[in-house]
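> Chains as they are written, first to last, in the numbering used here: chain P, 1 to 109; chain Z, 1 to 112.
Because the hints were derived from the structure by calculation, they are not lab data. From the three backbone atoms N, C-alpha and C, an ideal C-beta is built for every residue, glycine too. There's no promise every hint is true.
[Stated by the list, open to error] Listed next, the in silico DSBU-like pairs over lysine-lysine satisfying Cα-Cα at most 35 Å (straight line):
id, chain 1, residue 1, chain 2, residue 2
1, Z, Lys-18, Z, Lys-69
2, Z, Lys-57, Z, Lys-69
3, Z, Lys-18, P, Lys-70
4, Z, Lys-57, P, Lys-56
5, P, Lys-56, Z, Lys-69
[As the list claims (entries may be wrong)] Stretches of chain Z that chain P covers, calculated by requiring three or more beta carbons in the stretch to come under 8 Å of a beta carbon on chain P:
id, stretch
6, 29 to 37
7, 40 to 49
8, 53 to 63
9, 93 to 101
[Unchecked claim] With the Cβ distance kept under 10 Å, some of the chain P side facing chain Z (calculated, not the full set):
id, residue
10, Gln-6
11, Gln-9
12, Tyr-35
13, Leu-45
14, Asn-95
15, Thr-101
16, Gly-102
Below are the chains, spelled out letter by letter.
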Amino acid sequence: TQLLEQSPQFLSIQEGENLTVYCNSSSVFSSLQWYRQEPGEGPVLLVTVVTGGEVKKLKRLTFQFGDARKDSSLHITAAQPGDTGLYLCAGGTGNQFYFGTGTSLTVIP
Amino acid sequence: EAQVTQNPRYLITVTGKKLTVTCSQNMNHEYMSWYRQDPGLGLRQIYYSMNVEVTDKGDVPEGYKVSRKEKRNFPLILESPSPNQTSLYFCASRASWGNEQFFGPGTRLTVL
Chain P
1 TQLLEQSPQF LSIQEGENLT VYCNSSSVFS SLQWYRQEPG EGPVLLVTVV
51 TGGEVKKLKR LTFQFGDARK DSSLHITAAQ PGDTGLYLCA GGTGNQFYFG
101 TGTSLTVIP
Chain Z
1 EAQVTQNPRY LITVTGKKLT VTCSQNMNHE YMSWYRQDPG LGLRQIYYSM
51 NVEVTDKGDV PEGYKVSRKE KRNFPLILES PSPNQTSLYF CASRASWGNE
101 QFFGPGTRLT VL
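Using the sequences and the hints, build the whole thing.
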C-alpha cells in the first residue's frame with residue numbers, strides 16, 4: 001500500500017532555477033516530514049510540519065503542509081548543485097511511518 | 001558522536017541461510033525501526049519497537065523477525081532469506097517525544 005505519492009519522480013534542472021516537489025495522500029497524518037538522501041547514506045531530516053496550513057522556511061527551501069494535513073510541497077529557490085539528492089516525504093500516524101516514493105533531483109552547474 | 005550503526009554494510013548470501021543484521025544507537029532513544037528501500041517503492045517499514053521488549057509489525061513484516069532485549073540494539077533477523085528480500089535496509093531511531101528519525105548508513109543485502 002503506497003499511502004504517499006510524490007511527483008515528479010525525477011527532476012533535472014539548471015543551477016539557479018526554482019522547483020517544487022509535491023507529496024500527496026488520501027490519508028490524514030499527524031505530522032509530515034521531508035528528508036534528503038544522498039547516495040550510499042541514510043535519509044537526513046530537513047523539516048517536520050504538524051499543523052494544517054503550516055509553512056516553514058529553511059534558507060532557500062520552503063515547506064508547506066496542506067490545510068487538511070494530507071499533502072505537502074517543497075519549493076526550492078535558486079537551486080544549487082549541492083541540492084542534488086533524493087527527496088522523501090514521510091507521514092506519521094501514531095508509531096508507524098509511511099514514506100513517499102521519492103523525487104530524485106539533479107541540479108546541473 | 002550521536003549515531004546509528006549497522007553491520008554489515010554489504011552482504012551477499014544464498015536462499016535459506018539464516019542471517020542477522022545488527023543495529024545499534026548511542027542516543028538512548030526509545031523508538032527504533034527497520035525499513036527496506038526498493039526502487040519505485042520508497043522506504044517501507046518492516047518492524048518497529050517502542051521500547052525494550054516492545055515490538056510491532058510495520059507495513060511489510062513477512063519473512064523478518066526482530067528483538068529488543070536492550071535499549072540500544074535492535075537486530076533484524078531473516079530466518080530463511082529469499083531472493084525477494086534483496087534490498088537496501090535501514091535502521092532508524094528517535095526519541096519517544098520527538099519526530100526526527102536518525103537513520104543508519106544502510107545494509108545492502110543480496111540473496112541469490
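> Would you mind marking each hint as holding or not holding in the structure?
Evaluated hints:
| no. | hint | in the structure |
| --- | --- | --- |
| 1 | Z:Lys-18 - Z:Lys-69 | 20 Å, holds |
| 2 | Z:Lys-57 - Z:Lys-69 | 17 Å, holds |
| 3 | Z:Lys-18 - P:Lys-70 | 40 Å, violated |
| 4 | Z:Lys-57 - P:Lys-56 | 32 Å, holds |
| 5 | P:Lys-56 - Z:Lys-69 | 39 Å, violated |
| 6 | 29 to 37 | holds (count 3) |
| 7 | 40 to 49 | holds (count 7) |
| 8 | 53 to 63 | holds (count 3) |
| 9 | 93 to 101 | holds (count 3) |
| 10 | Gln-6 | 8 Å, holds |
| 11 | Gln-9 | 8 Å, holds |
| 12 | Tyr-35 | 8 Å, holds |
| 13 | Leu-45 | 5 Å, holds |
| 14 | Asn-95 | 6 Å, holds |
| 15 | Thr-101 | 4 Å, holds |
| 16 | Gly-102 | 5 Å, holds |
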